[in-house]
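Colleague: Please take these sequences and the hints and turn them into a complete structure.
Chains A and B, in that order, are what the protein sequence lines are. Each residue of the first sequence is one higher than the last, beginning at 1 in this note's numbering. Each residue of the second sequence is one higher than the last, beginning at 257 in this note's numbering.
Any given hint might turn out to be false.
Stated by the list, open to error - One side of the interface only, derived from the structure: several residues of chain A facing chain B at Cβ under 10 Å:
id, residue
1, H42
2, L48
3, M55
4, L92
Worth flagging that the hints you see were computed from the coordinates, not collected in a lab. Note that CB positions come from ideal geometry on N, CA and C, so glycine has one too.
Given next are the chains, with one letter for each unit.
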Amino acid sequence: MLLTIARDLTERRRADEQIKHVIADLSRSNEELQLFAYIASHDLQEPLRMVANYMELLARRYQEQLDERANKYITYAVDGATRMQEMIEALLTYSRVGIQGKPLEPVELEKVLEAVLQNLRITISEANAEITFGALPVAMADRGQLIQLFQNLIANALKFHGEEAPNVHIAAELEGAEWQIAVSDNGIGIDTRHAERIFVMFQRLHSRRDYPGTGIGLAICKKIVERHGGRIWVETRSGKGSTFYFTLPTGGDKTV
Amino acid sequence: MNTSTSAKPIEILLVEDNPGDLDLMLEALDENKLFINLTVATDGEEAMDVLYHQGKHLNDPIPDLILLDLNLPKKDGREVLAEIKAHEILRRIPVVVFTTSSAESDILKAYDLNANCYITKPVGLQQFLEVVKSINNFWLTVVKLPRVD
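Modeller: Below, the structure is given as structure tokens:
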């Protein structure tokens with residue numbers, strides 16, 4: 001009997017040690033990855049600036065001496081460099097979610113939305129959009145990142161609008177120990193086959209001509225939600241609008 | 257731009273290791289038509305040689321303004337900045353940090369070391385020219401610079 005208990009304890013201790021090792025390994029590789037993205041994107045900017053600037057300088061100084069085809073090639077090169085620059089910026093923003101995140105504290109979601117609507121006011125009025133929200137709770141969150149999260153989701157709803165003026169509604173519901181937030185729109189919706197893919201970095205479902213952008217927005221949303229210990233998903237049908245759901249920790253207060 | 261009769265050029269020390277950026281800077285300054293005398297140092301040690309009149313820089317003038325890149329060979333831009341700002345006289349010279357980095361940590365560090373301003377090199381040519389133009393407008397025409405002898 002005693003022997004069995006002793007053996008159990010030794011095994012448990014060994015298992016605990018192993019878990020500690022795995023956690024240490026994971027957080028180390030995670031830190032390395034974040035650092036990699038951060039450093040790579042800074043060091044990549046320098047040569048890219050050279051390509052973009054000298055292509056433009058070439059066009060500026062020698063346009064007259066070059067034929068139409070040469071000028072077209074320059075346009076392609078500048079366009080490529082500009083896009084790469086945008087992607088690097090996006091990568092930086094993405095890596096900052098992990099590196100520059102603030103500790104979670106009680107945040108009033110209504111205040112967050114007010115800030116977002118203020119930031120987006122020009123886009124909203126240009127799109128003739130109506131944005132409404134029900135009673136919203138206090139959640140444990142990083143305020144700056146929540147602004148970024150709502151802003152990306154609402155801006156997407158406005159960008160991928162249908163024939164009618166965009167209509168976006170935000171609602172919160174208590175699901176167990178978490179808040180479930182829904183951002184619904186009446187936009188073009190997404191083919192359900194792509195419902196997972198849209199959260200992957202640089203994944204785009206449309207041509208850049210129809211909808212410009214790098215395809216980082218939802219990847220950043222996912223990273224922010226996961227940093228808060230939540231999940232994000234979409235319920236949608238092509239042509240029928242989309243509802244993006246995500247969960248946030250309640251932090252004790254469960255009143256809406 | 258300099259309206260005084262005994263027009264003396266404005267002395268600028270550019271600390272820049274990337275020849276591409278150096279040429280861009282020359283292009284940009286050229287478009288501004290200011291009366292500038294540019295001294296170039298391609299690493300941090302050479303920058304200090306210019307400021308201390310050492311080595312091959314015995315007769316170089318003390319600059320009115322320093323444009324400083326951060327990532328430099330030999331002596332890093334941050335070390336150069338720290339050394340300038342710790343020096344009794346040299347610390348009066350405005351230092352404009354002009355670098356690729358937009359990292360929060362680099363910005364804070366530069367201001368902690370008393371940089372006079374921090375500018376991230378923009379990507380597009382037009383933006384680059386604009387930025388150099390506004391550096392010139394502000395630091396060389398609007399601002400009253402100290403006399404440093």
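Colleague: With reference to the structure, classify each hint as holding or not holding.
Modeller: Status of each hint after checking the structure:
1. Interface hint at H42 (chain A): satisfied, since its Cβ lies 6 Å from the closest Cβ of chain B, which is below the 10 Å cut-off.
2. For L48 (chain A), the interface hint holds, since its Cβ comes within 10 Å of a Cβ in chain B; the closest pair sits about 7 Å apart.
3. The criterion of a C-beta within 10 Å of any C-beta in chain B is met by M55 (chain A), whose closest approach is roughly 8 Å, and the hint holds.
4. The beta carbon of L92 (chain A) is positioned within 10 Å of a beta carbon in chain B (closest approach about 8 Å), and the interface hint is therefore held.
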